[in-house]
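*Asks:* Each chain is listed here by its residues.
Protein chains: 2
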Amino acid sequence: MKILIDAMSGDNAPLEILKGAEWAAREFKDHTIMLVGDENVISDIAVKNEINIAGMEIINAPSVITMEDSPLSVVRDKRDSSMGVGFKALSKGEVDAFVSAGNTGALITGATIIVRRIPGINRAAIASILPLSTPVLLMDSGANLTVTSDNICQFAFMGAKYMEKIYDIDRPKIGQLNNGTEYNKGNALQTESYQLLSECGLNFVGNVEAKEVPFGVCDVLVTDGFTGNILLKSVEGMGKFLMGTLKDVLKTNLVTKVSTLTMKEKIKDMKHRFDASEHGGAPLLGIQKPVIKAHGSSDAKAIKNAVRQAIFFVETGINNDITVFAADYDDKKLIADAEKAYQSGEI
Amino acid sequence: MKILIDAMSGDNAPLEILKGAEWAAREFKDHTIMLVGDENVISDIAVKNEINIAGMEIINAPSVITMEDSPLSVVRDKRDSSMGVGFKALSKGEVDAFVSAGNTGALITGATIIVRRIPGINRAAIASILPLSTPVLLMDSGANLTVTSDNICQFAFMGAKYMEKIYDIDRPKIGQLNNGTEYNKGNALQTESYQLLSECGLNFVGNVEAKEVPFGVCDVLVTDGFTGNILLKSVEGMGKFLMGTLKDVLKTNLVTKVSTLTMKEKIKDMKHRFDASEHGGAPLLGIQKPVIKAHGSSDAKAIKNAVRQAIFFVETGINNDITVFAADYDDKKLIADAEKAYQSGEI
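Top line first, the protein sequences correspond to chains G and A.
Using our numbering, you'd call the opening residue of the first sequence number 1450 and step up by one each time.
Using our numbering, you'd call the opening residue of the second sequence number 1450 and step up by one each time.
Among the clues, some could well be false.
Listed below are the simulated SDA-like cross-link pairs for lysine to any residue, each with C-alpha atoms no more than 20 Å apart in a straight line [unchecked claim]: (1) A/LYS1478 <-> A/ILE1502; (2) A/LYS1689 <-> G/PHE1664; (3) G/LYS1696 <-> A/ILE1502.
Hint data in this document are derived by calculation from the structure and do not stem from the laboratory.
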């Protein structure tokens, strides 16, 4: 399997990305790690920092998409960027998966326009894992600011497939993020989606309030990308805030300092839980080939773990399942539309 | 000052509410605590549980609005409910403030229709304090699922006045909750509001991501009530989740158990911080008289603290400031509209 890493994108590129690539190549020996970016820069940084990327194939790409660039830059003036060239290689089948810590808007645009969505899927979503008492897959966590109930329903299906395949959960529980649990809560989007989700054959557990999310009430949480982004970042921020508060408490006196040593491992576990780099990245679900969005601030470990996710994604064949579902979903819609047209006398 | 408590509404009514009223009467001796609800039920419960409400004036109201009742019930079939009668007493000036742990929708409807908004204010908002490294006032945290940029701007002004008066903060920092910090982030609502907030003379610090909220970047956080509700409940849920995780860690071994004893006070502080009952309730800002929304699950302490908030609200005269601002805001809008009409030749 060939995993291509965008060497130039992200807050810590290229140094941390190259270190991550080296780490991934060492850890996943059965697979081929490749890089895309400016060959000269990559070689220079690797030599200066004694990073062993000897023998690693580099696809040359002279430019870089910055965080300030327009999402459309990847298909307009920066087609020759590491991200643009990376997507091209993925779409042509030269590599099996693509990992990038770059500009989220450009990543979604590139994935959608260059690699393309799975036929029948109307919107791709960023599928982020919330590291809570049980892992919760948040769909969408930021790709689509506005969505329809149809999109939400497809997010639920794709998320369910992901949790089945990657976390081995039988009939994952689907919840809709809402401001109350009653069926009629929220705006038109939420009430329409509630109806669709109730009828779609998934294990829909109803509306879920944000305060219940940490306690395992659902495995997949569906929402629009704006609200999802607020929840995702709130979980991240609160984790950081409370770890800081805990650190202060543990410094209270000599006894607590000593006791901190004895529970070192457990505290480390807690820290790891809220450390984004442990989770690597978030796949874009609904795209024809695996695209893993790594956190903008990814370090070497995050990149290595994002590569692991890409490998899992390919190995579990989750895209086959989504493709079958999408074709079926599309068929049902076409039939429903045709029936409507027939009843109204149009055909 | 006369503070009226809705004795019948909330998950723990009337028992905890009556205990809270007794507590408030003991703690705030300079003021008069009154109750509204079914006289017989109140007397019965008080006698059975040895709650001393002797001499406390009770306004009789035979029915109760439940959590399942429609928001409009307070002005339709349940005008004779504790909430409906309470609002009537407030609007007539028979009491100075009203505290209720009841149905949020009915509370907002009753406040808006019976007590009425301050002239010039287009929407009232629930002003909740997020208990983070510094207190953050969240406007709106659930009264209005959809809002306009004009509403957001008024939320910012009202929130700023509240933080000035109640928390003694000079020129409070106003942030807009968004999915990124750049000016053009979010949907049309956020970009329009960004523009208005930049021009309105407040100390606007720009867009704020949910992950930054815990770290004191702003004193007032403005957003629509749907998104605000998600954030509020996420902070609540994550606080609870992490306190639970901490408890597990501290049970690791004998040393940690001993050390837990030595930092008892600090852990208690942490717990208190995320304990909704410590904060009492959230005022509805933009209503002509003080209405304090207590948490649905309020216990005696929460009710006592909501009474304290009501007293502060009246004492600081915050509604006078909001009234002056709203009249001025309205004037400016009228003038701007007139200028537009003049320029277009309409007048």
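*Asks:* Of all the hints numbered above, which does this structure not satisfy? Sort the numbers upward.
*Replies:* Number 3 only.
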